[in-house]
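Student: What follows is each chain in one-letter form.
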Amino acid sequence: MEAIKKQHELVVSVSPHLKSEETTSRIMWTVSLSLLPAFISGAYFFGPRAVITTAICIITALLSERAFQKITNREDTISDGSAFLTGLLLGMNLPATVPFYIPIIGTVVAIVITKQLFGGLGYNIFNPALIGRAFVLITWPRAMTTWMKPDAAFMRFDAISAATPLGILKEEGLAKLLALFGDKLNLYTELLVGHRAGSIGETSVIALLLGAAFLVYKRYISLHIPLSFIGTVAVIAWLFGGKEGLFTGDPLIHIMSGGLMLGAFFMATDYVTCPSVKKGQIVFGIGCGLITMLIRLKGGYPEGVMFAILLMNCFTPLIDRNLRSKVFGFMKKEAK
Amino acid sequence: MSNEDRISNWQLIKNGIFKENTIFRLVISLCPSIAVTNSVKNGFLLGVAVLFVQTMVNTTVAIFRKFIHPKIRIPIFMLIISGWVTVVDMVMAAYARAAYKEIGLYIQIIVAFASILARAEMFASKNRVCNAFFDGLGSGLGFLLALVLISFFRELLGRGSLWGFHIVQAKPMLIFILPAGGFLAVGLLMAFFNWIDMRFYGGKGAGGASGH
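Residue numbers (our numbering), protein chains in the order written: chain B, 8 to 343; chain E, 8 to 219.
Just chain B, same shape as in the assembly (with noise of 0.2 Å):
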């Protein structure tokens, strides 16, 4: 009796039989726990209007996806925390002061018209965050590009408008850029802090590195992107950054400023929308760089990262398609 009860608590099933401690939601809660020093870094330079246009984001994240699950009776998805994440980085990719309507239309653009509409988690084409920024700052260029100078009091709602590092190094030049910050140490140094105009988000480059770090540790994400990201856009702002000719540029500047870092680390390593294959990860960073140097130096906006994550994520099947490893004893046919 006990052998027969034995054997009816054998499991058969198909292959994999065995399953990895990893879930998606355990991933995307943890990647949106390492975006949290960017957060507080954001939270402390932009006051508390930061704090609410992010948690806008983020409600109206979770309320949308819910709805339209409800409306189209899908199952229910909300707890493996992608809409959460995709909640946190629209809201850190946009400035602290925008009016509220923005950060809502916004996340409603990512949610239901490029992550659901498309057929949920894993089947959308572009990177839902960075589709409903691009939303916002085409319909209200104004309101998206009127920067917050950081302020590190809290609990201040006032607050005066500054170009950001990229903006007046498109406008007025390097120099009136290095006259703002002091010397070129203490420019550095303040990229590097993240006490500068931007969105709440980008602007701390040690915060962003840390998360990243973390996630580096934890191995869910490779440095193939960031890496040839960041490296492309060393090499070209060196190259042709420069106004004294060739190999006069500074890519420090380039690399610490502008939403690079947490582009590079945070949403163009999206699972979802970035090749699969190791060399086609270096193909699709590569190109992401390209795209970001040409709009920066030579586009009509101050910064590309969100357009060239957007550009790449198109040829994100192409290259996957293209440059996948050749299965063991698989020949290509003759062409007759």
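Just to be clear, a hint being listed does not mean it is correct.
[To be verified] Examples of chain B residues toward chain E, derived with CB under 10 Å: (1) 79; (2) 108; (3) 115; (4) 124; (5) 127; (6) 128; (7) 130; (8) 132; (9) 143; (10) 145; (11) 148.
[As the list claims (entries may be wrong)] For the chain E half of the interface with chain B, some residues (derived, Cβ under 7 Å), not all of them: (12) 180; (13) 182; (14) 184.
No lab work stands behind these hints, which were simulated from the structure alone.
Glycine included, C-beta positions come from ideal geometry on N, C-alpha and C.
Use these hints to put chain E onto chain B, whose structure you have.
Tutor: Just chain E, lined up with the frame of chain B:
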């Protein structure tokens, strides 16, 4: 007999508007649906022009269908289409000069619209004159309706106005009068109609035209 004919003609019109709507179901001629729909007025005028050309081309092709050699039918269809487009072009240039300045280019480009050649090839060259006339009327009306619908949302959201009159005082969403917003509007409306079709009529969306 005449009663039966009338019903089938009515069905031809309905077919053109709903089941085989040029933009939302057949997904052809998307270029004008994005290029001219940033205001209701332009969308409506181009829709009327297409309605006229479509109907006349269908009728003409059906009249001459027995005399057109199948091997050279496409060039002949093109000649007929460009003839009628020239008529519309000249009439508009003479009587609606302000609008012609804005959408004149797209009036001339009606020659290359896939929808018109498709109706001539698929329907008019195989059917009687009367049926071809009503088929052209239906698919032209469907195109007109789609264009007005798209431009209604785009102008309302992108400019806060309708037919040039200011209505909404809120800050408009600039993206909807840019080309990117055109793609968004067309895609969202298409998804909406597919959803209605699947939810309430048991259809399969644009992939397979439903049988109602």
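Student: Each of the hints needs a verdict: does it hold here or not?
Tutor: Status of the hints after comparison with the structure:
1. Taking 10 Å as the C-beta cut-off, the interface hint given for residue 79/B holds, the closest approach to chain E being about 8 Å.
2. Hint status for residue 108/B: holds, given a least beta-carbon distance of 8 Å to chain E, under 10 Å.
3. A cut of 10 Å between beta carbons decides the hint on residue 115/B: the least distance to chain E is about 12 Å, and the hint is violated.
4. Annotation: residue 124/B was flagged as interfacial toward chain E, and the flag holds, the nearest CB pair being 6 Å apart, inside 10 Å.
5. A least Cβ separation of about 15 Å between residue 127/B and chain E goes past the 10 Å threshold, and the interface hint is therefore violated.
6. Checking residue 128/B against chain E: minimum C-beta separation of about 19 Å lies over 10 Å; hint violated.
7. The restraint placing residue 130/B at the interface with chain E is violated, with a minimum CB-CB distance near 14 Å, outside the 10 Å limit.
8. Among the interface hints, the one on residue 132/B is violated; its C-beta lies about 13 Å from the nearest C-beta in chain E, farther than the 10 Å criterion.
9. A distance limit of 10 Å between C-beta atoms decides the matter here; for residue 143/B the minimum to chain E is near 9 Å, and the interface restraint holds.
10. Interface hint status for residue 145/B: upheld, as the beta-carbon distance to the closest one in chain E is roughly 5 Å, under 10 Å.
11. Given the 10 Å rule on beta carbons, the hint for residue 148/B holds: about 7 Å separates it from the nearest Cβ of chain E.
12. Because the closest C-beta pair between residue 180/E and chain B is about 5 Å apart, less than 7 Å, the hint holds.
13. A distance limit of 7 Å between C-beta atoms decides the matter here; for residue 182/E the minimum to chain B is near 4 Å, and the interface restraint holds.
14. Annotation: residue 184/E was flagged as interfacial toward chain B, and the flag is violated, the nearest CB pair being 10 Å apart, outside 7 Å.
When held up to the earlier numbered hints, the structure conflicts with 3, 5, 6, 7, 8 and 14 and fits the remainder.
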